[in-house]
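**Q** Chain by chain, the residues run as shown.
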Amino acid sequence: MPKTDLGRSLEKRKGSEGFKELTADLAKLLLVPRAVLESVVEKAVRTYPTRVKEMVEGIVDQLKEVERDAAVDAASALIYVWQRSVFEGDSSEEVVADLKELELVDSQVGSTLLSLLSLAAKEGADTRAIAAYKALGPPTFLDISGTVDLRCRFHHTLDEFHAYKDPADVVGLIPTVSVALRVVEPGQEEKRIVFQMDDEGVVRMCRFLEVTTKQLARAKILQSKLMEVSKP
Amino acid sequence: MTEKSAKFVGKLGRRLATNITDWKYSADRTAALPSVEADEPEILTVELQGLDSPIDATEGLFAWSSHVDAPGRQVRLSSFYSPSAIAIRHLRTEESEEAWVGRTGATLRVTQHHHPLALQDYEKWKEVVQQARDVILKEMERQHQETRREIVLSRRDILNAVKSSPAEYVQVVSELGIAVCLFSLLLRWGLKIELINTPFAIFLSFSFAFYWLMAWLKKRA
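Sequence lines, in order, name chains G and C.
All residue numbers for the first sequence refer to the numbering used here, where the first residue is 1 and numbers rise by one.
All residue numbers for the second sequence refer to the numbering used here, where the first residue is 1001 and numbers rise by one.
Keep in mind that the hints were calculated from the coordinates and are not lab data.
Hints should not be assumed to be uniformly reliable.
Derived DSS-like pairs (lysine-lysine); straight-line CA-CA distance at most 27 Å [claimed, not checked]:
#  : chain 1 : residue 1 : chain 2 : residue 2
1  : G       : Lys20     : G       : Lys3
2  : G       : Lys122    : G       : Lys165
3  : G       : Lys225    : C       : Lys1192
4  : G       : Lys43     : C       : Lys1163
5  : G       : Lys134    : G       : Lys20
6  : G       : Lys100    : C       : Lys1126
7  : C       : Lys1163   : G       : Lys3
8  : G       : Lys53     : C       : Lys1126
9  : G       : Lys20     : C       : Lys1126
10 : G       : Lys53     : C       : Lys1124
11 : C       : Lys1124   : G       : Lys28
12 : C       : Lys1219   : G       : Lys214
13 : G       : Lys12     : G       : Lys100
14 : C       : Lys1126   : G       : Lys225
15 : G       : Lys53     : G       : Lys28
16 : G       : Lys28     : C       : Lys1126
17 : C       : Lys1218   : C       : Lys1163
18 : G       : Lys134    : C       : Lys1138
19 : C       : Lys1124   : G       : Lys14
20 : C       : Lys1138   : G       : Lys220
21 : G       : Lys43     : C       : Lys1219
22 : C       : Lys1126   : G       : Lys220
23 : C       : Lys1219   : G       : Lys225
24 : G       : Lys122    : C       : Lys1126
25 : G       : Lys14     : C       : Lys1163
26 : G       : Lys28     : C       : Lys1138
27 : G       : Lys12     : C       : Lys1126
28 : C       : Lys1124   : G       : Lys134
29 : C       : Lys1124   : G       : Lys12
30 : G       : Lys100    : C       : Lys1124
31 : C       : Lys1138   : G       : Lys53
32 : C       : Lys1219   : G       : Lys3
33 : C       : Lys1124   : G       : Lys220
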């Protein structure tokens, strides 16, 4: 009899297509380099709740075409199990025991999965509390340009957060970047788009800007060369 | 909103059912209870409509969202939501469930979105992952094609330049020759490895320099 919510919900779906797919994808954990899976876990913990596109990007960047599909499938299964266990507050051991009982994983896959889930648990003990703090919404003075939002976290766990436990210590700082973009389109009124980014988002935006700047510079050089050549 | 109801909202949960007594539709408190699962919190969207008094930002819910200062403005927050909550009106869609609770002069709408993506069936989660993979692969393919196009254009550019002016061609060949000769001389003096006979390399360097200069003069003329 499964002990975890994940185990119980999967038990109800035993034999379904999703169940078979999950079994097949979990088996692929053995085919993917350990370092890739660890990086997936680390990123997932850092950016919980998982951003699917970023997760897949991380894998695609690291692997060749042959290994890519297996890695995406394995990561998909791994993150699914991890998110369910995090969300329901189940321990890694119990989750893996249930999966073994339901014959979703054999002992070899089970031990790999357990080590990865344990790594995730170790890395992100406060994952849900951090996510809850991020979900609080934009800062009060978001509309004022130049506002810096440094969010202090006073709770280790989500339960403490929900129980309004009195703040005693600052257990973490969550830097968030508030972005206010002015969008001006011809013939339309000026629009102001305000949103928040975490450090991961900032890194991605910097990368995007760097690539775009290089592309623009290349395009300019190319254009000037073509102009020169096309001169009679 | 009274202090009492603000506290009550802030503790979203069983207090919702017990603390409120003065709601306009309190008689309907059992009429349409949300059938959401009580196990876990989700993102709630709370919209305040037609409030006739300012919100006390220090109370319960509003301590979390102290920027809510205008009726109709939306906030998002995480909290527990209990099925025992009073719901005057209840609407269930595929994406979310909404419940309205209210009193004279004020209505509070609570929207509970369904479980996050990862908590749905594995098929749905996998589908989203596959879609993300397809999008990324298409984007990579597009970038690859763009790079190829740029290389082709650059090559065509150089060939056109060479065709249009033999002097350009001579200059390019001379620059290449000088680079090779200098590299071999550096190896010779630095690592004692002789790629090209040293006097010959020096002679070639000067020759290429001479050719380069002649081509440059030709271009100028």
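**Q** All hints are to be evaluated individually against the structure, with a verdict given for each.
**A** Structure-based check of all given hints:
About 21 Å separates the Cα atoms of Lys20 of chain G and Lys3 of chain G, which keeps this hinted pair within 27 Å; it holds. Using a Cα cut-off of 27 Å, the hinted pair Lys122 of chain G and Lys165 of chain G holds, with the two alpha carbons roughly 23 Å apart. In summary, the hint linking Lys225 of chain G to Lys1192 of chain C is not supported, as the alpha carbons are separated by about 41 Å, beyond the 27 Å threshold. Proposed proximity of Lys43 of chain G and Lys1163 of chain C is contradicted: the alpha carbons are some 53 Å apart, above 27 Å.
Between the alpha carbons of Lys134 of chain G and Lys20 of chain G the distance comes to roughly 35 Å, so the proposed pair goes past 27 Å and is violated. With a C-alpha separation of about 21 Å, the suggested pair Lys100 of chain G and Lys1126 of chain C falls inside the 27 Å cut-off, and the hint holds. About 77 Å separates the Cα atoms of Lys1163 of chain C and Lys3 of chain G, which puts this hinted pair outside 27 Å; it is violated. With a C-alpha separation of about 12 Å, the suggested pairing of Lys53 of chain G with Lys1126 of chain C holds against the 27 Å cut-off.
Between Lys20 of chain G and Lys1126 of chain C, the direct Cα distance comes to roughly 12 Å. Compliance with the 27 Å bound is thereby established for this hinted pair. Taking the CA atoms of Lys53 of chain G and Lys1124 of chain C, the gap is near 15 Å; set against the 27 Å cutoff, the hint holds. Of the supplied pair hints, the one linking Lys1124 of chain C and Lys28 of chain G holds, its CA atoms being roughly 19 Å apart against a limit of 27 Å. In summary, the hint linking Lys1219 of chain C to Lys214 of chain G is not supported, as the alpha carbons are separated by about 32 Å, beyond the 27 Å threshold.
Simply put, Lys12 of chain G and Lys100 of chain G have alpha-carbon atoms about 15 Å apart, close enough for the 27 Å limit, and the pair holds. Distance hint between Lys1126 of chain C and Lys225 of chain G is unfulfilled; the C-alpha atoms sit about 47 Å from each other, more than 27 Å. Between the alpha carbons of Lys53 of chain G and Lys28 of chain G the distance comes to roughly 20 Å, so the proposed pair stays at or under 27 Å and holds. Taking the CA atoms of Lys28 of chain G and Lys1126 of chain C, the gap is near 14 Å; set against the 27 Å cutoff, the hint holds.
Taking the CA atoms of Lys1218 of chain C and Lys1163 of chain C, the gap is near 15 Å; set against the 27 Å cutoff, the hint holds. Annotation: proposed proximity of Lys134 of chain G to Lys1138 of chain C is violated, straight-line Cα distance about 32 Å (limit 27 Å). For the proposed pair Lys1124 of chain C and Lys14 of chain G, the alpha carbon gap of about 16 Å is at most 27 Å, so the pair holds. Annotation: proposed proximity of Lys1138 of chain C to Lys220 of chain G holds, straight-line Cα distance about 25 Å (limit 27 Å).
At roughly 58 Å between alpha-carbon atoms, Lys43 of chain G and Lys1219 of chain C are farther apart than 27 Å, so this suggested pair is violated. Under the criterion of a C-alpha separation no larger than 27 Å, the hint pairing Lys1126 of chain C with Lys220 of chain G is inconsistent with the structure, at around 42 Å. This hinted pair checks out: Lys1219 of chain C and Lys225 of chain G have alpha carbons roughly 18 Å apart, not beyond 27 Å. Only pairs whose Cα atoms come within 27 Å are accepted, and Lys122 of chain G paired with Lys1126 of chain C is accepted, the gap being roughly 26 Å.
Using a Cα cut-off of 27 Å, the hinted pair Lys14 of chain G and Lys1163 of chain C is violated, with the two alpha carbons roughly 71 Å apart. As the CA atoms of Lys28 of chain G and Lys1138 of chain C are separated by approximately 24 Å, the hinted pair is consistent with the 27 Å bound. A distance of roughly 19 Å separates the Cα atoms of Lys12 of chain G and Lys1126 of chain C; the hinted pair therefore holds under the 27 Å criterion. The hinted pair formed by Lys1124 of chain C and Lys134 of chain G meets the criterion: a straight-line CA distance of about 25 Å does not exceed 27 Å.
As the CA atoms of Lys1124 of chain C and Lys12 of chain G are separated by approximately 17 Å, the hinted pair is consistent with the 27 Å bound. Distance restraint check for Lys100 of chain G and Lys1124 of chain C: the Cα-Cα separation of roughly 23 Å lies within the 27 Å cut-off, and the hinted pair is therefore satisfied. With a C-alpha separation of about 13 Å, the suggested pair Lys1138 of chain C and Lys53 of chain G falls inside the 27 Å cut-off, and the hint holds. In summary, the hint linking Lys1219 of chain C to Lys3 of chain G is not supported, as the alpha carbons are separated by about 84 Å, beyond the 27 Å threshold.
Annotation: proposed proximity of Lys1124 of chain C to Lys220 of chain G is violated, straight-line Cα distance about 44 Å (limit 27 Å).
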